[in-house]
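Asks: The working numbering numbers the first residue of the sequence shown as 220 and each following residue consecutively.
The set of hints was computed from the structure by calculation and includes no laboratory data.
Treat the hints loosely; a few may be bogus.
Computed beta-carbon distance windows for the label pairs [as the list claims (entries may be wrong)]:
| hint | residue 1 | residue 2 | range |
| --- | --- | --- | --- |
| 1 | Asn313 | Lys361 | 15 to 23 Å |
| 2 | Asn383 | Phe299 | 48 to 56 Å |
| 3 | Gly284 | Lys378 | 19 to 27 Å |
| 4 | Tyr380 | Arg222 | 15 to 23 Å |
| 5 | Gly284 | Lys364 | 39 to 47 Å |
| 6 | Ser371 | Ala252 | 23 to 31 Å |
| 7 | Val312 | Asn383 | 21 to 29 Å |
| 8 | Gln292 | Lys365 | 50 to 58 Å |
| 9 | Phe263 | Phe289 | 41 to 49 Å |
| 10 | Glu379 | Gly285 | 46 to 54 Å |
| 11 | Thr254 | Glu379 | 29 to 37 Å |
Cross-link-like lysine-lysine pairs, in silico, DSS-like; alpha carbons within 25 Å at most [said to hold, decoys possible]:
| hint | residue 1 | residue 2 |
| --- | --- | --- |
| 12 | Lys378 | Lys364 |
| 13 | Lys278 | Lys228 |
| 14 | Lys364 | Lys278 |
| 15 | Lys230 | Lys243 |
| 16 | Lys361 | Lys378 |
We put the CB at the ideal spot given by N, CA and C, even for glycine.
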Amino acid sequence: MKRLIKLYKMKQDPIGYSRSIGVKIGDRCRIYALTDSTFGSEPFLVSLGDHVTVTSDVKFITHDGGVWVFREQHPDIDVFGPIRVGNNVFIGVNSIIMPGVTIGDNCVIGAGAVVTRDIPSGSVAVGMPAKVIGTVEDYWAKVEKKATHIRSMNHDQKKEYLINTFMK
220 MKRLIKLYKM KQDPIGYSRS IGVKIGDRCR IYALTDSTFG SEPFLVSLGD
270 HVTVTSDVKF ITHDGGVWVF REQHPDIDVF GPIRVGNNVF IGVNSIIMPG
320 VTIGDNCVIG AGAVVTRDIP SGSVAVGMPA KVIGTVEDYW AKVEKKATHI
370 RSMNHDQKKE YLINTFMK
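With the hints as constraints, model all of the structure from the sequences given.
Replies: Now the structure itself:
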């Protein structure tokens, strides 16, 4: 029963649930498809600024599990690192953010990225390991040409527009 209640809370209020396990979260954030493993075993080492989107299957890894290979010689060894995400950041589907990483303000982390080092403010980073490929201004210049303004459409209007635009 406790598991069902936990899953319900995670689904109904992912921000509130994340805060309840110690994640520091700013204002106007979105967390999609929150799971037990999203914030790992040390969620209190993760902080998200204002206006951050964490998409589905993102993982925040706050420790280096590879030190297990040294446990016979050093039974009490562990390596931890906090993860800090700035303001106005989008983290794409299936991204992994590694221990000790800081992602600056105004960043886009592409889907599937493995972020192993700090990402400076104003950057777009993609790949495994993630590398900065440009600025958010560069990204906007590319996106603006293809952008569709559909927020004012209801679901049926949006569906009709997309089918007529892309499926004919």
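Asks: Compare the structure with each hint and give your call.
Replies: These are the hints, each one checked on the structure:
1. Asn313 with Lys361: 15 to 23 Å: 22 Å, holds
2. Asn383 with Phe299: 48 to 56 Å: 52 Å Cβ-Cβ, so the 48 to 56 Å window holds.
3. Gly284 with Lys378: 19 to 27 Å: 44 Å, violated
4. Tyr380 with Arg222: 15 to 23 Å: The hint (15 to 23 Å, Cβ to Cβ) is violated, given that tyrosine 380 and arginine 222 are roughly 41 Å apart.
5. Gly284 with Lys364: 39 to 47 Å: With Cβ atoms ~43 Å apart, the hint holds.
6. Ser371 with Ala252: 23 to 31 Å: Roughly 26 Å apart at Cβ, these two residues keep to the hinted range, so it holds.
7. Val312 with Asn383: 21 to 29 Å: Since the Cβ atoms of valine 312 and asparagine 383 sit about 27 Å apart, the hinted range of 21 to 29 Å holds.
8. Gln292 with Lys365: 50 to 58 Å: 55 Å Cβ-Cβ, so the 50 to 58 Å window holds.
9. Phe263 with Phe289: 41 to 49 Å: 25 Å, violated
10. Glu379 with Gly285: 46 to 54 Å: 51 Å, holds
11. Thr254 with Glu379: 29 to 37 Å: 34 Å, holds
12. Lys378 with Lys364: 21 Å, holds
13. Lys278 with Lys228: 19 Å, holds
14. Lys364 with Lys278: Roughly 32 Å between the alpha carbons, so the hint for lysine 364 and lysine 278 is violated.
15. Lys230 with Lys243: 18 Å, holds
16. Lys361 with Lys378: 24 Å, holds
Violation of the numbered hints given earlier is confined to hints 3, 4, 9, 14; the remaining hints are satisfied by the structure.
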